[in-house]
Amino acid sequence: FQNVIDTVPTLGKPSCVSASISWNPQRGENNLASFALGFNSELPQFNSSKVWEFDEAHQRWLPVAELALPEDKGDQVYVVAWAPNIGRPYEVLAVATSRGIAVWHIGLLPDTDGKLSVEKVALLSGHEGEVWQMEWDMGGMTLATTGSDGVVRLWQSNLNGVWHEQATLETTSS
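In full-length UniProt numbering, the protein residues as written are 1 to 174.
It cannot be assumed that every hint is accurate.
To be verified - In silico DSS-like links for lysine-lysine, alpha-carbon gap of 25 Å or less:
hint	residue 1	residue 2
1	LYS73	LYS120
2	LYS50	LYS120
3	LYS73	LYS50
4	LYS115	LYS50
5	LYS115	LYS73
These are computed hints drawn from the structure, not numbers from a lab.
Taking the hints into account, I'd like the entire structure generated from these sequences.
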């Protein structure tokens, strides 16, 4: 991962509070290994979530997509989760930040600059506090999330592509 940290000497060494990585569970037609990487730092300019692919020709990892709109830049990233892809014409990634859980669609084919298209399709809210863990079901249709509030929430998209909370699981004292 040497090229992932090449900028440290010029920008200084930030204090990374946490980092999250999620490998692409399936490789696409191009068979490139890829992962999403999210950082939570004390310095907002280092908070980011990006998709990285291995470039065989140059034998190094390259960022191919940034998962942030201009208003999202600098948000603390707590966890990233890559959904399994069973027949979709795009990938789905969830990114939990200080604003909520963003659901992203990522194109399968790069543009002429080698970048993948990204579209933020939902911002899920409901947790009180930070989201610490997210997992997709095996079909990539349901996202389970939990965090500092101790509540597990299940999220799904309806047939119109609108995301909603499907279920809430809370601990009960007996």
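Here's how the hints hold up against the structure:
1. Between LYS73 and LYS120 the CA atoms are separated by roughly 13 Å; this keeps the pair inside 25 Å, and the hint holds.
2. Between LYS50 and LYS120 the alpha-carbon distance is near 13 Å, which keeps this suggested pair within the 25 Å criterion.
3. Taking the CA atoms of LYS73 and LYS50, the gap is about 12 Å. The hint holds against a cut of 25 Å.
4. About 11 Å separates the Cα atoms of LYS115 and LYS50, which keeps this hinted pair within 25 Å; it holds.
5. For the suggested pair LYS115 and LYS73, the alpha carbons sit about 18 Å apart, so the restraint of at most 25 Å is met.
In summary, the structure agrees with every hint in the numbered list given earlier.
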